[in-house]
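Visitor: As a plain string of letters, each chain reads:
Number of protein chains: 2
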Amino acid sequence: HIIWICDLKTCRPNNADLVLPSRAPRKHVLPFIEGMNGVPHRGKVLTVDNMNPNVKRVEYAVRGPIVQRAVQIEKELKEGVKKPFTEVIKANIGDAHAMGQKPITFLRQVLALCSYPELLNDNKFPEDAKNRAQRILQACGGHSIGAYSASQGIECIRQDVSRYIEKRDGGIPSNPDNIFLSAGASDAITTMLKLQVSGEGRNRTGVMIPIPQYPLYSAALADLGGIQINYYLDEDRCWALDVTELRRAVTAARQHCNPRVLCIINPGNPTGQVQSRQCIEDVIRFAKEEHLFLMADEVYQDNVYAEGCKFHSFKKVLFEMGPEYSSTVEMASFHSTSKCYMGECGFRGGYMEVINLDPEVKAQLIKLVSVRLCPPVTGQALLDLVVNPPQPDEPSYTTFIKERTAVLAALAEKARLTEEVFNTVPGIRCNPVQGAMYTFPCITLPQKAISQAKEKGLAPDMFYCMKLLEEMGICLVPGSGFGQREGTHHFRMTILPPTEKLKIMLDKIREFHQKFTQEFS
Amino acid sequence: HIIWICDLKTCRPNNADLVLPSRAPRKHVLPFIEGMNGVPHRGKVLTVDNMNPNVKRVEYAVRGPIVQRAVQIEKELKEGVKKPFTEVIKANIGDAHAMGQKPITFLRQVLALCSYPELLNDNKFPEDAKNRAQRILQACGGHSIGAYSASQGIECIRQDVSRYIEKRDGGIPSNPDNIFLSAGASDAITTMLKLQVSGEGRNRTGVMIPIPQYPLYSAALADLGGIQINYYLDEDRCWALDVTELRRAVTAARQHCNPRVLCIINPGNPTGQVQSRQCIEDVIRFAKEEHLFLMADEVYQDNVYAEGCKFHSFKKVLFEMGPEYSSTVEMASFHSTSKCYMGECGFRGGYMEVINLDPEVKAQLIKLVSVRLCPPVTGQALLDLVVNPPQPDEPSYTTFIKERTAVLAALAEKARLTEEVFNTVPGIRCNPVQGAMYTFPCITLPQKAISQAKEKGLAPDMFYCMKLLEEMGICLVPGSGFGQREGTHHFRMTILPPTEKLKIMLDKIREFHQKFTQEFS
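Residue numbers (full-length UniProt numbering), protein chains in the order written: chain C, 1 to 521; chain F, 1 to 521.
Please keep in mind that the hints were generated in silico from the structure rather than gathered at the bench.
Which copy is meant is left open, because identical chains are indistinguishable; a pair holds if it fits in one copy or across any two.
Listed below are the simulated DSS-like cross-link pairs for lysine-lysine, each with C-alpha atoms no more than 27 Å apart in a straight line:
(1) Lys-367 x Lys-78
(2) Lys-130 x Lys-102
(3) Lys-194 x Lys-362
(4) Lys-362 x Lys-56
(5) Lys-367 x Lys-456
(6) Lys-124 x Lys-102
(7) Lys-467 x Lys-367
(8) Lys-78 x Lys-362
(9) Lys-454 x Lys-367
(10) Lys-83 x Lys-467
As the structure is a computational prediction, the values presented were derived from the model and not from experiment.
Starting from the given sequences, assemble the full structure and let the hints guide the process.
Guide: Here it is in structure tokens:
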């Protein structure tokens, strides 16, 4: 027998004994096939029809279909397939080193010393690098970074993190017992969300997230079966967060779930805004009034470029609002070694500080993280260097400052350039990139393009980005992967490519946008 | 007002206006307190009463209360508190470097080169180490281990893993597309379990795990809300796995859930047995008959010591059973850089190979792992060296083989020693440590000790281990943390301490056991 299992819209089987539409559930298809060959065929144990339904709901656009296609195109280029471009520029993910940013010498020297302590006898390494390495090794089991650490993270590194936070926040105390080291910020954010999600039906935990958001949040909530509550950032006011909108969102959500968590991303991802001190105060007051747990994603705290903008940590503002707030509002703040001037994504380093967490819940959190044994120790070591960098009287100081300043100055320049160029293109409107590493411009798409996208079952901005990739070799992420107001369209682009390449990319996008607009007008 | 919230059994408040038992749910206690001071007090947003109930059910004995007490005792010793011992020996966790095992030179040289590529110009490093480092860096974004890798892991490392598996299994093909690199084996095991768990009530996924088990399994199932199905290993036959027992367990479980997964740990943790080829065949046949997905935890595949014992991979046996099995039975096998001769736990390296996984499920798996971006890249690099070690014609070969052999020979000697000493102690009965890194002896406890433990609300072997810790400074994990037949008692001890220390530890346990038996007889 010849059996075709296919999409009946696009495929016209002409030699089949039996045709089954591919959208039919397997449980209907399989008995059919079994019946035909007479052999009892039970099919797979694990199928998309019977697997964890929460996992199916997970989506993560930053590494979604468009990136998979980009990888494929790269392979085709290597194999000699002719394209209208010679390389794919990937501006889909905040991956600084992949875009050519060089690692900071001091960080890598210490990591090499920790990996192969024989090098401590090598006089090529500066003394401060050796001291840092020795201090880290002293704190490791058997003086090896190959030993498991405590599940919460190496104690002396947690102490260094606390000191760093105290300094950052002008002396407001930080307790190392409240610091949890993690495998990047994603790990800690997921863990904190996991603690929160409970209840059934109208009692199910609701989590407020910004729209546009970084899709880790929606993905983790889908996985955990938590209820996502959208609050919209105000694009017309440079993606400002408005408490009126928070109130609208929480009030509406109370009809169908139990809102319990408020997530903030500042500086914003994908939106690049930096929140004002006033805004943060308003948010904290709102969280207290509405009895919400605050989760402050502050991984871009050192990526602030715009004049007049300054990073204010939620913790500092909370404590400056007085004991009425600082002793009651529950909060977790997240940081990472993957961004800022380091861009060390591959090491998976990060930390979370918890404030006012119920001690019994904290005990549960410690128990939960212990199951996975410990965060990667090299990532912990790297974090230690970030929170305890070379001091003015140490030999590595000058080079360190020079390298750090160069990275941050280049990012600031690229932030400015990106805004400037995009705002000269009719049909692209772009807020200033005040901080973080992304721009999220609004693009005007012709109605004909929107209709054609819908025919293909694609979001209009996915249709746009796919075409941009195929024609120009530029890989961006469509706004629909982050969420946006109904009827608007965006893309997220990182500002990470080297300036010369960024300029080429911006020109190409301009050219493409004009062509696209003409083609569909 | 003076309010006491306390355990009424152990505490006698004499000056309270109000006494509330500490076991009372907070929702009952809080309104009471609020009523008294007249201030509306809403309490914490996140409490143990309203948090994720699955997380509360998670238990992980390997880092449980006994280890927390051990850490406390270490601090007390440092502060000068007098104890009947001068140091705590921690034999609770398979953490080789913490127990003094030295890292393998070649591995660490390559990691240092990857961390700080300037060292490639240094003629102190052997050529093969440099070549490995260059090859890894070539495969990284921007030639930096600080870039994110593909979520499934760096492609050339997955190819190396496949070649390693093919060689291990006598040429049976392995496809790099079926390899997923992970943050240790725990990460991949949890992910695979997450894919599996679905359904409600009697349709809820059931997962068969050995008893005794490594508590990652019970912890992950509690977290995911999957149904744990216990099958018991046969202690009298050196912890053999008996298909009759598997059948009993699956049949009983079908009354209340949907058994879909069978987990095997070979070599065994905590039990140290190595399964025969015949046993593995029987298990595979059983899995096919009962339509179960096999999860083979093979992280101790290079830790086999006993004469006549040999590691047989589930994959090899599956393929040798012919296409009826090799083309149908779905399987995942797990490996790690944390054990064997490396013991590099802190790097969180590992991989999973999937066999016969439904392509659509595999697409879901790729999507799921992409949310967490990538496994730690240093762990991936380390794994690459493990699967692609120095070859006989390379300069590092001799040292590498010498170091590896020394580690494995010492482990074999300690495995033998442990069994020998324990079996001379009346009341301790110990199977041979055929493989892995643990012994799980059965201990006879006097009835009086059992009663006293129960009075304190402790499992009898927890009572025993706590006393051993307090009196001797030895930290083991009670058998109750792994599961055991009702009425039997055990502990898990690693064989990792250096031989001289291990001898002292075994003597101390002998002494303690005799004293304990006398005290409670």
